[in-house]
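Novice: Using the sequences and the hints, build the whole thing.
Just so you know, the sequences run in chain order A and B.
Those letters in the first sequence? Residues 1 to 178, by our numbering.
Those letters in the second sequence? Residues 179 to 326, by our numbering.
By construction, these hints were calculated from the structure, which means they are not laboratory data.
Every residue, glycine too, gets a C-beta built ideally from N, C-alpha and C.
DSS-like mimics (lysine-lysine), calculated; alpha carbons at most 30 Å apart, straight line:
1) B:Lys235 to B:Lys249
2) B:Lys235 to A:Lys82
3) B:Lys240 to A:Lys82
4) A:Lys54 to B:Lys235
5) B:Lys240 to A:Lys54
6) A:Lys63 to A:Lys166
7) A:Lys92 to A:Lys63
8) A:Lys92 to A:Lys36
9) B:Lys240 to B:Lys204
10) A:Lys36 to A:Lys82
11) B:Lys249 to A:Lys54
12) A:Lys78 to B:Lys235
13) A:Lys63 to A:Lys36
14) B:Lys270 to B:Lys249
15) A:Lys82 to A:Lys166
16) A:Lys78 to B:Lys240
On the chain B side, residues computed to face chain A include the following (Cβ under 8 Å):
17) Pro217
18) Thr218
19) Gln237
20) Asn258
21) Phe259
22) Gly260
23) Gly262
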Amino acid sequence: MTRSLKLTGQVLALVAVAGLLGLLVWRLTHQTHAPKIGAPAPNFTLRRIDGSGKLDLASLRGKPVVINFWASWCVPCKGEAKMLEQAWRQYKSEGVVFVGVDYHDVTSDARTFLTHHGITYPTVQDGSGMIGDRYGLTGVPETYFVDRSGRLVGTHIVGTITNQAKQFRSGIRAALHQ
Amino acid sequence: MTLRVLAVAAAALALAGPAAACAHPKTSLSYLEGQIMCPTCHTTLDMSEAPAAQQIKAQISKRIAQCWSAKQIEDELIGNFGQGILAAPPHKGFDLLAWWLPIGGVLAGGALLAAGVWRWSRTRVSDTEPDLDPETDRQIDELLARMD
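Specialist: Set out below in structure tokens:
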């Protein structure tokens, strides 16, 4: 009786340790790392907040894409909104698509932001921040460039594009010509 | 005159509107601040002054003023930010494990501790009072009788 009790205890302890080890391995293997330049841009299908329906990044394959992560509570995002809209109007005739990804935001505030800043390019919402995590986002705003084959190109911009206009233009050019 | 009366009535309605919006709020900001997470700083709202937390607090205040219940506000925030916005997992489905596993762990630990103490105390008793075989027992009794 005592022997079987001891054996059961040992088995339970082993199972508990194995479970904890399993959790550790799972966590390590599922850790998100920022995708490198040249790697496929993490895909997403998110709800549009500028209209109805969803937007699938994969559906834009064949077009250069500029992805801008922003939030209505983010002060620097307000500063770059106008420049982003101007760039979208300038480059859309060349086939470039701008996609705004509203990150960790209240939908009604996000819509007010879009109206207030006159944003007309498609905008989706990443309320849970899951897509931002897949991109390795460190904060907002951040801007990524995707070429026609769906790969990340250029150098992604951390912070406002207004302070990094040259890098922003070269990112768009990289997306257009690679 | 009629215009003046209408203007006064409109102004009174405008001023009374927000106050009359919810005479008996169903929940409070201070309660929900402890139940909702700040999505960017991973602490509850009451611990955070981050812009995202401020925005959610404002949204909660707005809904409280509209007489929304805590459940309605939480549901709206879940729809917006996902389940991760809640400070504690819901009491249903797989998330129940998060509630029961710690309790189970404490109970199992207590049971193991109790079993250990019980076994230890029994060993101590048998150490101090060893069982004697009948022959030795008889010899001791004889020896004690002779001493008397």
